[in-house]
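K.L.:
Note that the protein sequences, when read in sequence, are chains H and Y. Counting from 0, one number per residue, gives the positions in the first sequence under our numbering. Counting from 29, one number per residue, gives the positions in the second sequence under our numbering.
Treat the hints loosely; a few may be bogus.
[Unchecked claim] Derived EDC-like pairs: lysine to aspartate or glutamate, alpha-carbon spacing no greater than 16 Å straight-line:
hint : chain 1 : residue 1 : chain 2 : residue 2
1    : H       : Lys39     : H       : Asp330
2    : H       : Lys112    : H       : Asp78
3    : Y       : Lys120    : H       : Asp241
4    : Y       : Lys141    : H       : Glu229
5    : Y       : Lys205    : Y       : Glu236
6    : H       : Lys39     : H       : Asp326
7    : Y       : Lys345    : Y       : Asp273
8    : Y       : Lys120    : Y       : Asp98
9    : Y       : Lys117    : H       : Asp241
Keep in mind that the hints were calculated from the coordinates and are not lab data.
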Amino acid sequence: MSTISTELVEPESGLPAGEPGPVGIAARSPLQLFWRRLRKDWLALTALGIVLLIILTAIFAPVIVDLAGTAAPRTQNADLTGDFGEPLGPNAQASSPSADGTVAQAGPFGSDKLGRDVFSRTVYGSRISLLVAFIATAITVLVGVTLGLLAGYYRGWIDTLLTRVMDLMLAFPVLVLAIGIGVACSGAEGCLGGAIQPGLTVVIFVISLSTWPYMARIVRGQVLSLREKEFVEASRSLGASDRRIIFKEILPNLVAPIIVYSTVLIPQNILFEAALAFLGIGIDPSDPSWGAMISDAASIFREAWWYMTFPGIALLVTVLAFNLVGDGLQDALNPRTAK
Amino acid sequence: MAHGDPLIEVRDLVKHFPITKGLIRAKQVGAVQAVDGVSFDIREGETLGLVGESGCGKSTTARLLTRLLDPTSGTIEFRGKDIASLSRKELKPFRRDMQMIFQDPYSSLNPRKTVGSIISEPFIIHEPSVGEKDRKCRVQELMEQVGLNPEHYNRLPHEFSGGQRQRIGVARAIALKPKLIVADEPVSALDVSIQAQILNLLRDLQRELGLTIVFIAHDLSVVRHMCDRIAVMYLGRVVELAGADELYNHPRHPYTGALLSAVPVPDPRLAKAKVRQVLTGDVPSPTNPPSACRFHTRCPKVVMGKCDVDDPALDPKEGGNLAACHFPLSDREVATQVPTAAA
Chain H
0 MSTISTELVE PESGLPAGEP GPVGIAARSP LQLFWRRLRK DWLALTALGI
50 VLLIILTAIF APVIVDLAGT AAPRTQNADL TGDFGEPLGP NAQASSPSAD
100 GTVAQAGPFG SDKLGRDVFS RTVYGSRISL LVAFIATAIT VLVGVTLGLL
150 AGYYRGWIDT LLTRVMDLML AFPVLVLAIG IGVACSGAEG CLGGAIQPGL
200 TVVIFVISLS TWPYMARIVR GQVLSLREKE FVEASRSLGA SDRRIIFKEI
250 LPNLVAPIIV YSTVLIPQNI LFEAALAFLG IGIDPSDPSW GAMISDAASI
300 FREAWWYMTF PGIALLVTVL AFNLVGDGLQ DALNPRTAK
Chain Y
29 MAHGDPLIEV RDLVKHFPIT KGLIRAKQVG AVQAVDGVSF DIREGETLGL
79 VGESGCGKST TARLLTRLLD PTSGTIEFRG KDIASLSRKE LKPFRRDMQM
129 IFQDPYSSLN PRKTVGSIIS EPFIIHEPSV GEKDRKCRVQ ELMEQVGLNP
179 EHYNRLPHEF SGGQRQRIGV ARAIALKPKL IVADEPVSAL DVSIQAQILN
229 LLRDLQRELG LTIVFIAHDL SVVRHMCDRI AVMYLGRVVE LAGADELYNH
279 PRHPYTGALL SAVPVPDPRL AKAKVRQVLT GDVPSPTNPP SACRFHTRCP
329 KVVMGKCDVD DPALDPKEGG NLAACHFPLS DREVATQVPT AAA
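Start from the sequences, fold in the hints, and give me the full structure.
P.N.:
Here it is, written out as structure tokens:
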């Protein structure tokens, strides 16, 4: 009988004694097996918890800032800078009273050069990071999987053309390209006929443009080997259309590698966004972005350590958590790969 | 078994796989002559065996018959209609009547699909009007017919053993009640004990459904058990074609003789009495096959000046075998060399 992946299941405990329980062997679906393996990986589960926490932070950023009682992320408060314009440290009090007589106090993470609250900006920064990372990853997956499937399945001139384009993209100096596009699209009317507006869309466009070839290559390689499998031949000998073979036979076998690679892409894209923001591409300077904050803080790090440290920690924890989740998913989806 | 008219007539079937060179403009520098001028008939209701060494073109012939590959030239007439050059669309109605069973039950079933959806695929493609409930009913009937538990409808292929997987493949192949089944080494990936079960299943189904089977194998005893007629292939050609008993009792082509001579004999006294005909060397490359008779480089009976110049036709020889040889084996040679020869 079936041996692989059937495991003994304890009889349901609610049954009256003496009555035999249901049959002791139950088959498990791949999803159940995946979940059982993931459940044993505490590191991945912890990371998953942190990722969920970060996502919740991004969604409920206004509520959190409200509860903490800190100022809105874009509010500039001249009272929160020192006499010479230096930012105030965490919970530090202003040296002189404000116009209304009260003494202003900085938030738990201090304030920046313009007297904006670092805590609020760090909380709101998760929104930009996640938004850019998720949208760019989604576009990368969509474009990469589609083109990879086309190239791998049809081969011939389509494959040659697409592979050459991928090679070309991979050979591009990405940062130079990003700066170029960032500058070219920074005008009020954007570029590509207005499809790419200055701001977040530029960042998303640049990231997707430079990461889709990796996804497409992985998918193409898998499709090249899958299309020669006998089950594809069997489907073809039944008279199945190309569309049916691609979507019903090949694509389901690609789900695992696509999920795994996407979870690797998300933290990469978060870092990419931070790097672009650090270089001042795309994001409006008043928008709270971790990369832009770190860039801002670099010049005054000796005087205001908190300004760089908190967004830096946020970035580190986020990327680390996503990476660990990705590793956990990889292990749970491909149990045969050794750790 | 009485066999009727030819179901399929194959004439001068050729499949060359081009070898190309060059990055931008690919130039053809040669060809693997996988199948090179094969002709035979498949009669309605019979089992035709295709045997030969690895790389002799058996599997390519099978994939040409089911049009998984496009022939380079030649005709395949299915009930009088040439299907060798039909387009994919024109071919679809014929697909119902020709199904294939594959060699490796581990790669012929999609690991991500349940058994139920694998066996329903023929219905979804060819009878899309059948409702889901009806379809499930028919699939479960099929599962029962091939000896699977219909309750396992929702299981995935990896939950089954090799033999059970091959039964799933068989169920998929017979789903639309085809006329012809091409079985490409259907048991060579299975344990010996399981092989017999699958072979018997195929024979039973053949009787029930009136199937015609093309059975490809390299195990000569399996072929003898299964087949009414046998075609022996060597380097892309059919070198001998005869009824199973004729072929085993008195092979005429020296290559067939050598193949049968390699069959182990359980009786040591009988084994001692035979002079085994051992072939030397390897099969020549199909990219550059020998001239005229392709077997002449390894043939024990070769006569230079004849065999390497004059290509022998597949003609009737003594005892009714069709063999492509100028100097077929005599009864005396058969008696000393071939262990399967009638005593």
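K.L.:
For every hint, state whether the structure bears it out.
P.N.:
Here is what the structure says about each hint:
{"no.": "1", "hint": "Lys39(H) <-> Asp330(H)", "result": "holds (11 Å)"}
{"no.": "2", "hint": "Lys112(H) <-> Asp78(H)", "result": "holds (11 Å)"}
{"no.": "3", "hint": "Lys120(Y) <-> Asp241(H)", "result": "holds (13 Å)"}
{"no.": "4", "hint": "Lys141(Y) <-> Glu229(H)", "result": "holds (14 Å)"}
{"no.": "5", "hint": "Lys205(Y) <-> Glu236(Y)", "result": "holds (10 Å)"}
{"no.": "6", "hint": "Lys39(H) <-> Asp326(H)", "result": "holds (13 Å)"}
{"no.": "7", "hint": "Lys345(Y) <-> Asp273(Y)", "result": "holds (15 Å)"}
{"no.": "8", "hint": "Lys120(Y) <-> Asp98(Y)", "result": "holds (15 Å)"}
{"no.": "9", "hint": "Lys117(Y) <-> Asp241(H)", "result": "holds (12 Å)"}
Comparing the model with each numbered hint stated earlier shows that all of them hold.
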